[in-house]
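Kindly generate the complete structure, drawing on both the sequences and the hints.
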Amino acid sequence: YLRFVKAQTLTMDALCSLRTIAFSFCAFMSQGEARVDAPEGVGQQVHTLLKVHAVRLCIAFAVSLKYHVRVAEMRYNHLAATNQGMRHILSDLIRLKGLLSEK
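Counting in our numbering, the final residue of the sequence shown is number 115, and the numbers go up one at a time with none missing.
Certain hints may be false.
Under the rule of at most 25 Å between Cα atoms (straight-line distance), these lysine-lysine pairs were calculated in the BS3-like manner [unchecked claim]:
hint : residue 1 : residue 2
1    : K78       : K63
2    : K63       : K18
3    : K109      : K78
4    : K18       : K109
Across the chosen pairs, the derived CB separations fall in these ranges [what the hints assert, rightly or not]:
hint : residue 1 : residue 2 : range
5    : T32       : L112      : 19 to 25 Å
6    : N89       : E114      : 32 to 38 Å
7    : A84       : C28       : 17 to 23 Å
8    : F40       : E85       : 21 to 27 Å
9    : Y13       : S42       : 22 to 28 Å
10   : Q56       : H80       : 34 to 40 Å
11   : T23       : N95       : 25 to 31 Å
12   : I101      : S42       : 34 to 40 Å
If you're looking for bench data, these hints aren't it; they were derived computationally from the structure.
Virtual Cβ for every residue (Gly too), placed ideally from N, Cα, C.
Right under this line is the structure:
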């Protein structure tokens, strides 16, 4: 039980850290927008795209963590894969594919 509580605490810390990472990156990029020597609007587009990619990768990390927790829980409890459980797992994988592929 102690390992479970420790894992739960570490997972919460990781997810809370993702929010801090995303906000810190966006704040850093916002400060750098004024210093970019680029034509009007181009620098803004580049910074916006970088922010979107950073946040998207943080969300992808959180979804992958959720996916692995689902699979580990099913494996640990020796549960057979139910239709609902498989739908959740497949939706996590589809979401990950969408987050990690360039559009």
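For F40 and E85, compare the CB-CB distance with the range 21 to 27 Å and indicate the outcome.
With Cβ atoms ~36 Å apart, the hint is violated.
Taking the Cβ atom of Q56 and the Cβ atom of H80, is their distance within the range 34 to 40 Å?
holds, 37 Å
Does 32 to 38 Å hold as the CB distance between N89 and E114, or does it fail?
holds, 37 Å
Taking the Cβ atom of T23 and the Cβ atom of N95, is their distance within the range 25 to 31 Å?
Holds - the Cβ-Cβ distance for T23 and N95, about 26 Å, lies within 25 to 31 Å.
Can you tell me whether the CB distance of T32 to L112 sits inside 19 to 25 Å?
holds, 22 Å
Tell me if the straight-line CA distance from K63 to K18 falls inside 25 Å.
Status violated; Cα separation ~32 Å.
Quick check: does the Cβ-Cβ distance between Y13 and S42 fall within 22 to 28 Å?
violated, 44 Å
Distance restraint between K109 and K78, which requires alpha-carbon spacing of 25 Å or less:
Roughly 14 Å between the alpha carbons, so the hint for K109 and K78 holds.
Check the hint pairing K78 with K63 against an upper bound of 25 Å on the C-alpha distance.
Holds, because 23 Å separates the two Cα atoms, which is no more than 25 Å.
The hint says 17 to 23 Å between A84 and C28; measuring C-beta to C-beta, is that right?
holds, 20 Å
Does the hinted range 34 to 40 Å hold for I101 and S42 at CB?
Holds: the Cβ-Cβ distance is about 37 Å, inside 34 to 40 Å.
Holds or violated: are the alpha carbons of K18 and K109 at most 25 Å from each other?
Outside the cut-off at roughly 30 Å; violated.
The structure is inconsistent with the numbered hints 2, 4, 8, 9, although it conforms to all the rest.
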